[in-house]
Amino acid sequence: MAGQPWDASYHDGPAPWDVGQPQPAMVQLAAEGGFAGVVLDAGCGTGENALHLASLGLHVVGVDVAATALAIAREKAEFRKLDAEFVVADALQLGRLGRVFDNVLDCGLFHTFDGDERRGYVESLASVTERGAILYVLCFSDVGPDAGPHPIRQEELRAGFNRSDGWNLTAIVPERIKTRFDLDGAPAWLATVKRI
1 MAGQPWDASY
11 HDGPAPWDVG
21 QPQPAMVQLA
31 AEGGFAGVVL
41 DAGCGTGENA
51 LHLASLGLHV
61 VGVDVAATAL
71 AIAREKAEFR
81 KLDAEFVVAD
91 ALQLGRLGRV
101 FDNVLDCGLF
111 HTFDGDERRG
121 YVESLASVTE
131 RGAILYVLCF
141 SDVGPDAGPH
151 PIRQEELRAG
161 FNRSDGWNLT
171 AIVPERIKTR
181 FDLDGAPAWL
191 ATVKRI
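Residue numbers (the working numbering): 1 to 196.
Check before you lean on any hint, since a few could be wrong.
[Stated by the list, open to error] So the derived label-pair ranges between C-beta atoms look like this:
1. Gly57 / Val143: 30 to 40 Å
2. Gly120 / Ala67: 19 to 29 Å
3. Glu78 / Arg158: 23 to 33 Å
4. Gly98 / Pro145: 41 to 51 Å
5. His59 / Asp182: 30 to 40 Å
6. Lys81 / Pro174: 30 to 40 Å
[What the hints assert, rightly or not] DSSO-like mimics (lysine-lysine), calculated; alpha carbons at most 27 Å apart, straight line:
7. Lys76 / Lys178
8. Lys81 / Lys178
9. Lys178 / Lys194
Please keep in mind that the hints were generated in silico from the structure rather than gathered at the bench.
Here the structure is a predicted model, which is why all the values come from computation and not from measurement.
All C-beta atoms, glycine included, are put in the ideal place defined by N, C-alpha and C.
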């Protein structure tokens, strides 16, 4: 996953997915106690979700291929006096981090990959999680006329995270994902996946 095209998204103002606040679905998950231990925010962008979790006292590592986005995330963390770590890393090669995470947050990353890349991404996630780890995936859904770009069908989530590869997809629920073009949120799926 090359970083340059993603990095360019941040050069002329906020990227379409950078809404300047954490996604409401992630805020709700956190309020319900969905995150614990060390959390990986895969494809964290400018860090709003990671910073929200850090504000709750969680140890969060945000990774992205876009160095510009991570520089913005670090500035936000410093300004807000929050302790969060931001690392330039390829989501398709997370094993290079040399770390293991209890929770993984994917807000808008899964739907950017095609089929082959998805398989590689799921393998990469497996390399940084152990049995019992919980992954949350918030992605555009294929439901409704205002579906976002790269909408995902529930079947694609089930195929990506299956028992034979060490995952148990425990829930897929309808959600919304905010963008700069749709602050009410585009239709999304929130998948909860457990490492087995």
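Comparing the hints with the structure gives:
1. Gly57 / Val143: 30 to 40 Å: 35 Å, holds
2. Gly120 / Ala67: 19 to 29 Å: 22 Å, holds
3. Glu78 / Arg158: 23 to 33 Å: At 41 Å between Cβs, range violated.
4. Gly98 / Pro145: 41 to 51 Å: Roughly 45 Å apart at Cβ, these two residues keep to the hinted range, so it holds.
5. His59 / Asp182: 30 to 40 Å: 32 Å, holds
6. Lys81 / Pro174: 30 to 40 Å: For Lys81 and Pro174 the Cβ distance comes to about 36 Å; the hint holds.
7. Lys76 / Lys178: Roughly 20 Å between the alpha carbons, so the hint for Lys76 and Lys178 holds.
8. Lys81 / Lys178: This hinted pair holds, its Cα atoms lying about 25 Å apart.
9. Lys178 / Lys194: Holds - the C-alpha atoms of Lys194 and Lys178 are around 25 Å apart, at most 27 Å.
Violated hints amount to a single one, hint 3; each of the other numbered hints is respected by the structure.
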